[in-house]
Each structure stands twice: as C-alpha cells, then as structure tokens.
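Peer 1: Chains F and V, in that order, are what the protein sequence lines are.
All residue numbers for the first sequence refer to the numbering used here, where the first residue is -1 and numbers rise by one.
All residue numbers for the second sequence refer to the numbering used here, where the first residue is 664 and numbers rise by one.
There could be a bad hint or two in this list.
With beta-carbon atoms standing in for the labels, derived distance ranges [to be verified]:
| # | chain 1 | residue 1 | chain 2 | residue 2 | range |
| --- | --- | --- | --- | --- | --- |
| 1 | F | 12 | V | 676 | 30 to 38 Å |
| 2 | V | 728 | F | 40 | 17 to 25 Å |
| 3 | V | 695 | F | 6 | 28 to 36 Å |
| 4 | V | 711 | F | 56 | 51 to 59 Å |
| 5 | F | 30 | V | 711 | 21 to 29 Å |
These stretches of chain F come out as covered by chain V in the derived footprint (C-beta under 8 Å, 3 or more residues) [to be verified]:
| # | segment |
| --- | --- |
| 6 | 2 to 8 |
| 7 | 13 to 25 |
| 8 | 29 to 35 |
In case anyone wonders, no lab produced these hints; they're calculated from the structure.
Nothing here was measured: the structure is a model prediction, and the numbers come from that model.
Built from N, CA and C at the ideal position, the CB exists for glycine as well.
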Amino acid sequence: MSYDELDHILSREEEILPSSGFATSVMEAVRREAATPPPIPFPWKRALPLLIGTGVALAVALVAGIVVVARWGGTATSMELSLPLMSVLRRTLEGGLIVAAGWVVLALLLTLASVTFSMRIASDRA
Amino acid sequence: MEAGSGLNPGDDQANVEKVLAGDVSAFERIVRRWQGPLINLAYRFCHDRGRAEEMAQEAFLRAYRALGQWHKDAAFSTWLFALATNLYCSELRRTPFPTVPLEAAAEPRDSRAPDGGLEERDRDRAVRRAVAALPRKYREALILFYFHGMDVPAAAQSLGLPEGTVKARLFRAREILRGKLPLLLAAPRLKEA
C-alpha cells in the first residue's frame, strides 16, 4: 500500500454532526459552572508573615541544634557523645513534666487560634 | 477538516472578551461555532459518537474555565484544539477505547465483492482499525495530521510538540501501517484459500 493510498483513505474520515441538544447541554453545564462561586483563594498576604516566621523559627532551631551537636562533637568521640545526649534526654523526661505540659497548652492554644483565624477568613469571603 | 468556517477569527476574540466581561451567553456562539470540529476530533480518537460528545462537552467546559489563559498571540482555534487534544489524549489514556492487535485488525471479507477481494469500504475500515491499533504516540500524531488536513505545523501545535517530532512520528506511523496493511488486507483471502 502506498503513502498516497493511505493519505487518500485517512483523509476522508466520516464526519459526524453534533446531536441537536449538544450546544444546549454544554451551555447548561457552563451556566452551572458560572453560578458556582469561585474557590476561595489562599490568603497569601495574611499567611505569608506567619509562614515566614515559622520558617525562620525552624531554621533557628535547626542551626541551634547543629551548633549544640557540633560542640559536643568537638569535645567527645561518638561513644562519648551518646552519653551526654542520653543524660540530657533523661533530665528532660524526668524533670520537665511541667515544662512539657506548658508546651502542650501552648500548642493547643496555637491550634485554636489558627482554626479561629481560618474560620474568620472563610466567613469573610463567603 | 474545515473548522469553524463562515466566521472570521475576530468573532472569536469578540466573543471571548464578552464572556470574560461576564456575558456567559456569548460562550454559546463559541460552542455553536466549534462544536462540529471538536466532536469530530474526539470521534477520530474514540470512534464512539456518545463518548465523542461527552469528551467535547468536557473540552468546552475546560475552555470556559481557562478562557482567560488564551493569550491572543495564537489563533483561538489553535488554543482550543490544543486544549481539546490534551484532554482527549489523557481521557483515552485513562480509559482507552477497545482496540485489537494490529495483526488481528483485518475485517472479514465481503463475500458480495465480485472480484473476491475487499470492497473499498472494507479496506477503509481495515485501515482505520490498523490506525486504532498503532502505539499511542503514533496514533495521536496521525489522527491530528489528517484532522488538520495534512498540516504538520497545526498538528504539532495541537499536540504541543516540535514539528520535527511530529514528522518523525508520522513517518514511523505510516511505515508501520504500510508494512502491516498488505498482510492485513490479504488475511481474509489466505484464510479462505
């Protein structure tokens, strides 16, 4: 079979006509779409300072962690390093119950604040 | 295929601007103008009338949502066909229409044919089945090439591919077809002999 024959056959593909209600059906769907309120965009302006603050806090915590580990590492071998770290952990777990409770309360307050904040934004937009 | 004939491209732009300004009814003129080409393009991909209309409806809806993204550097039709092609290809990747292996795609011989061979209609059908059995990337290039009246740049724009890639795929697709079709068309005769 030659290219010309192929071209000839494939060029005369049968044409179909749209069914009578096609345009109406599309327009119904489009009108439904138009009537739906647009999705609420993420409030970048309000959230950006909070996100940046969180990012900076995380970075600071990470750097502080690295500095602490590096200081321990500078004075001790890996075997010696694990012992002071274990003692720090033990002290934290044993003596810091009140401190830990404080952190939990703070986390809960932050969660409550963020939920209230989101709900207020959503109700402003609606 | 002659798409959206009888109106000039400025009408599309005017309608798009009206829709973007909030006149939803102006979109109906876009639908009426392009419904034929979009349904026929979908039909070439799936060969199922009902599914072609469903896919075309979805393409119009997506076009409506994305109307603001049409930068008037390209014709509205180019943008619309690219959007529709992208949708049709992904739809068919998700739920492909049933195809048969290329070797098994031969039509049964029409016994009414006086010369004992395939009639033209049967041969056309066999070719189309062979096209449907091609690997996806070759099939898509071939469908778009013939849909756009054998226009490689238009097919390339619809597929979002460089012209060179489309040319290479077309060449390979036609080579595969040319290699397989004599065997395909002879199959019923061999079976009967």
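Peer 1: Check the following: the C-beta atoms of residue 30(F) and residue 711(V) are separated by a distance inside 21 to 29 Å.
Peer 2: holds (25 Å)
Peer 1: Do three or more residues of the segment 2 to 8 of chain F come closer than 8 Å to chain V, measuring C-beta to C-beta?
Peer 2: holds (count 4)
Peer 1: Between the segment 13 to 25 of chain F and chain V, see if three or more residues pass the 8 Å beta-carbon test, and mark the coverage as holds or violated.
Peer 2: Holds: 10 residues of the segment 13 to 25 of chain F have a Cβ under 8 Å from chain V.
Peer 1: Is 17 to 25 Å respected by the C-beta to C-beta distance linking residue 728(V) and residue 40(F)?
Peer 2: holds (18 Å)
Peer 1: How does the segment 29 to 35 of chain F fare against chain V when you require at least three residues with a CB closer than 8 Å, holds or violated?
Peer 2: Check passed, 3 qualifying residues.
Peer 1: Quick check: does the Cβ-Cβ distance between residue 711(V) and residue 56(F) fall within 51 to 59 Å?
Peer 2: holds (54 Å)
Peer 1: Note whether the CB distance of residue 695(V) and residue 6(F) lies within 28 to 36 Å or breaks it.
Peer 2: holds (32 Å)
Peer 1: Could you see if the CB distance from residue 12(F) to residue 676(V) stays within 30 to 38 Å?
Peer 2: Because 32 Å falls inside the window, the suggested range holds.
The structure shown violates none of the earlier numbered hints.
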